[in-house]
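With chain A fixed as given, assemble chain P onto it according to the hints.
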Amino acid sequence: MLNRRNFLLASAAFALAPKFAYAGDWSAIEAEARGQTVYFNAWAGSDTINAYIKWASDAVAKRHGVTLEHVKISDAGEVVKRVRDEVAAGKQDGSVDLVWINGENFRAMKTAKLLYGPFAEALPNFALVDVEGKPTTRQDFTEPTEGLESPWGMAQFTFFGDGLKVPKPPRSMVELMNFAKANPGRVSYPAPPDFHGTTFLKQALVEVIPDRLAFGKPIDAEGFKALSKPWLSFLDALHPGLWREGKQFPQSQSQITQMLGDGELLIGLTFNPNEAANLVAAGTLPATTVAWQHTEGTIGNTHFVAIPVNAKAKAGAQVVANFLLSPEAQAKKADLKTWGDPTVLALSKLPASDQALFSSAAAPGSVSLPGPAIPEPHASWVALIESSWLERYGQG
Amino acid sequence: MSRAFTSLPLLILFVLPLGASVVLMAPLFFDALAFQALLAHPQFWGALRLSLATGIASTLVSLILAIVIIANTRRDLVRDSGPLLAIPHLAFAIGLLFVIPPTGVVARLFEMLVTGGDQPPQWIAAQDPYGISLTLALILKEVPFLVWAMAGLLDRDDLRRVLQAHVCVAKSLGHGSRSTWFKVLLPQLLPSIIWPLVAVFTYGTTVVDMALVTGPTQPPTLATVIWRDLNDGEAVMNARGAAGVVVLSFVILCLLLVVGLLLRLGRSRIHGFYSRYPTPENSPTAILRQIWGLWRLSYLVIGVLLLLQSFSGQWPFPNLLATHFTIAGWQQLFGNFAPLLTTLCHAALASLAAMIACVAWLEWQRPARDHFVLLACGMALCLPSLVIGLGQYRLFLLLGLTGTQLALFLAHVLPVTAYVFIMLHGPYRAFDQRWSATASGLMVNRQRFLREVKWPMLKASLWAAASIGFAVAVAQYVPVQLAASGRHATLAMEAVTLSSGGNRALIAASALALMVLPLAGFAVAARLGRSRWSV
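Residue numbers (my numbering), protein chains in the order written: chain A, 1151 to 1546; chain P, 325 to 859.
Isolated chain P, as found in the complex:
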């Protein structure tokens, strides 16, 4: 097989479309009228403030909680956080919709235990004007992601050896475990999770689907304002929305640059941590140890509530349970089978294609070229989905692809490839080359070696990457919605559309389906990824 040929799948499916999308956004920089219109939008400043507030608050709180969890939990956090990562943000936001609002579970419990009234309270809201419920939903979802990223770092052999040495030294200098953590380990870990943090921040600041479901409304977040403009019937509104995408990305970029600069300037102070006076305090308090457990419990609770809601008929306030149960919601979900099928097929297809593209690259391309792909992956993860989605939409329009299955496939495969490559890159490149040498010494050809030695040994990583890819595909909203031109609906699109309506059983059922699909993928991958022998 020619070496150049093996790079084609990744270039065609991922790098080229990504580059073209970004390039096609360029003309938008020059539409001065659209920028004027944007600045004159009565909700612009309020919306921008809300976007930044939710993005910053969710990132900071998630980071702090993730650190506390990592420092206080003695479990295999990488494995634990896997299924939590697989659940799409959107499903979670919808779940919270049944917990927080005036007729949600919180209010019902409160009325029963405290006031005993039968009128829904007016002080509580799912779409509060400050974006608190949106921030909360983001935090619940992003903490496991950061925990996973940090735990993954700590699991790396090279890092672990170094860090263990540091811990020994710190202990001998009189640091207790907490002190070791915050003064020795953390300053070394943080720089390595900068990119996950950037991804969390851009996601939180620019998310559309979650904000539509649980974000504030008057004004909404800027991403929501932009999304409405992009879908408006008037051409000037579309241009204003595109200008909004450019402005929001620019503001985020500036903020990141400022933070980066501050970190650089403050580096000496960060290193000062090492020499801080050690504190011998040792035992983490019991409550801190339970945070991770509570986290997992909250996911379970939301799943159970969604399940309950999906079977509920009339549910007058303040009853804790519905007055009658029905399978109508599920019947409607399965009665409209196309979105379910579209999601399933495209998620499977996109993760398969991404796996082929990534494995072909990693197996046959020189590691020196990885940098450039990793950069593209970073771009795909850290650029707002509005930027990529809109650029892709313009690309598809140009090629006459909007509304076709091919467009839908390409819209799915781009983000999936980014995640799959990042997941696979580490394990694949760390594979011990001596196995290959041994195999060729035994006159085993390459195909057979790959089929019978290398891939089986990497099985767990391969399946894990595929299942993450699958989950990422299921969760896509903005790019897919734009590419589909209404011709096709995915589960995520249905869930967003439904959530502005009133059919709660159906909303809950679709959110559950959105949760179950990636979880099932995850379970299958975990089962198939178990090694046949241990090395």
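So here's chain A without its partners, still in its complex pose:
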């Protein structure tokens, strides 16, 4: 017992070691950050997330003298475009200081050398990240992050609905298809390239294609064409039972949630396992709401923040990224009443007082039927999934 405790202490000390190694540099960065304005470009499709970012901006202003401005965007692709245009035009003091990003957008920025860093693993709080238990904190859609982005939160694809109307939740894509056939017009998913829609399509892909190993590797158009046949025939079979017979699709996940509230749809989807609980707490969904994941697992990933190479307030951006990793900010984010986004930290690495911040009591609407997390396919799959979907189903 004693040995074990000693071991934990030793590993905690070891984990915290980088903090001291960089302490000198870090205080210089903190000093430089004071007074800077950080333009944080972040998807703004959810009120609870926007409110959390507001909270964070109040906190960094008070503690670090950094002004955090939330630039509300609807797709991180816009930011990649903007930074690319600015860098191409030689603009040094770019309009983006920090961007909420992952997957194909990270890969696009990394390959085009549009990212500043490596910075992430030198952040004092990075030592607390659960890099062993949550390997996706350093592997973004299997692409190594190489310190160019700092983990922010964990996500896992989750479905939800009113337990009274969906007494036996479908626990696989095939069951979902049968549910849609039994309840025609009451199930849908957002049209890609909305990332929830793309994730729904990935989920279908990993469930109908037996060769899981292929997903970890880059793929080209021919390879995808050969592999994707069962996926397309599954979608062909699914679509007639969907809302508008699969000819039109909602624009966003939040629209689906609204339609769920109206009774127009029966099943909602989200990347945040605690979103349904959060919506129940907010009074938007009834207390009879249940959330579930598929038996064989659902797509899970990590979302990050990154700093563009032409950011004006690089020091300020690092201070914000470090604050977002702090136990306090991570606990607030994981709180069901705030956002409910699961933490990237290893609770075992935190002192007991910080561990207590993370309460794990189940609430109405939390995931009652969990499944394992399935890693994201390599980022090169995304464009192919989206374009082949558009080709086949984009004509109405």
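Worth flagging that the hints you see were computed from the coordinates, not collected in a lab. Do not rely on the hints blindly, as some may be mistaken.
[Unchecked claim] Label-pair distances were calculated between CB atoms; the ranges are:
1) A:1370 to P:643: 29 to 37 Å
2) P:622 to A:1239: 43 to 51 Å
3) P:643 to A:1314: 16 to 24 Å
[Said to hold, decoys possible] With the Cβ distance kept under 8 Å, some of the chain A side facing chain P (calculated, not the full set):
4) 1194
5) 1223
6) 1227
7) 1228
8) 1235
9) 1245
10) 1258
11) 1341
12) 1401
13) 1405
14) 1413
15) 1431
16) 1462
17) 1503
18) 1504
19) 1543
Glycine included, C-beta positions come from ideal geometry on N, C-alpha and C.
Quick look at chain P alone, frame taken from chain A:
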């Protein structure tokens, strides 16, 4: 004051940026790969078809309805249509979003009166695949514009005198009032509203913000496809979007040329109308007389629905009213005050700058030079906002201005100046020069004459132009979105972003704010523009 100096504001704020934007679009003509990619886009043809269909249908239906209204309504239509013009298209599209969809008011009423079920119907859609709701929203907005343009023509003294003579002759030849209208007046009026019609057609074919809110989705209109590509993370997609802008503009240009040619060829037939056998029918049917009233009512209904929605909490189907009411939507709108403030400041600033630029030009430049400015205005109004927006964005990138307040100001001031100049040009140039002669005879200097005689006499026109400028600024989306680089948000940008989300109370509140701002500007202008004496 040197005469050349007075032309500078208009040249710097309007003509130069417009020219530079168009020139900067030129390199896009030579990216062959991007055009190939565009033609290979799986949605290209379907999207193009939808764009043209909505553009053509909305223009034709609006024209017909506007003619019917003009012919059958005995009211001051110029004054009536003013406030309707001021409401941004976008606010209207969002309003329709609460009327049409399966959980909208229409469906709720239908369920209550006809079927009595409690499941939202599946036959009705806000973003129908045929673009019907987009066309409907366009028609509702464009009819008042065409009515205003035609009524304005009929109000012109010179034209009125000529037309009245024609009416007398027609009546004496046995034409009834309807016959006079369609066979005598209309063939003379139509050629004069060609440019407003072209503007309506290009707008309908290329609009982005409305199509994002209420347009079809699979495939969407071409403008939406282009807009997505322009905002994509991949450089090849951006190039494909730019190619789309070029192609869409080219198709529109070709169509307009064909229509123009057909009209020219068919001119003899159009003139044949004059000699048609007169019909003595006189009284317009009661229903036709009510169309204008219904139009104004529909605006009111949409305003009221938005208001209701903005205070609604949970609103399960098929209840006709929400189960509880809340001010959360408005709290959120005002809690995020920056977009409101940005819109207000930039709209006020842009209309002020445009007024100064236009008045300086009209007061001190020779009328002979107006042609060239009017041509620029026509370009600004008839070119798709995607063309100007993208060109401007490239200009701002080049100057390192993207994301600055200056870029935002320039993006607003360009379209505003075009409208203000067109609004002011007529009244200002028609000002009777004898007043000026009298004043100098009385040894009144120019400054005093302008301050105490000319501008007060033109007060109504000046304020009207300013209020239209203000409304135009509030409604800007594409150019401002591109110029702002995410650093700044305007009310229109917020409304588009919100409308793809689910917070209906907030969406309705922002659409209402978008309606109220220009209307308030309009009311203020109408109040301040009242003449102190009547001449």
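Going through the hints against the structure:
1. A:1370 to P:643: 29 to 37 Å: With Cβ atoms ~53 Å apart, the hint is violated.
2. P:622 to A:1239: 43 to 51 Å: holds (46 Å)
3. P:643 to A:1314: 16 to 24 Å: Hint holds: Cβ distance 18 Å, inside 16 to 24 Å.
4. 1194: With a closest approach of 7 Å, the residue 1194 of chain A hint holds.
5. 1223: holds (6 Å)
6. 1227: holds (4 Å)
7. 1228: holds (5 Å)
8. 1235: holds (6 Å)
9. 1245: holds (4 Å)
10. 1258: At 5 Å from the nearest chain P Cβ, residue 1258 of chain A passes the 8 Å test, so the hint holds.
11. 1341: With a minimum Cβ separation of about 6 Å from chain P (threshold 8 Å), the hint on residue 1341 of chain A holds.
12. 1401: Cβ of residue 1401 of chain A sits 5 Å from chain P, so the hint holds.
13. 1405: holds (5 Å)
14. 1413: Interface hint status for residue 1413 of chain A: holds (5 Å vs cutoff 8 Å).
15. 1431: Status violated, d = 15 Å.
16. 1462: Status violated, d = 10 Å.
17. 1503: Because about 33 Å separates residue 1503 of chain A from the closest Cβ in chain P, which is outside the 8 Å limit, the hint is violated.
18. 1504: violated (31 Å)
19. 1543: This interface hint holds because 7 Å falls under the 8 Å limit.
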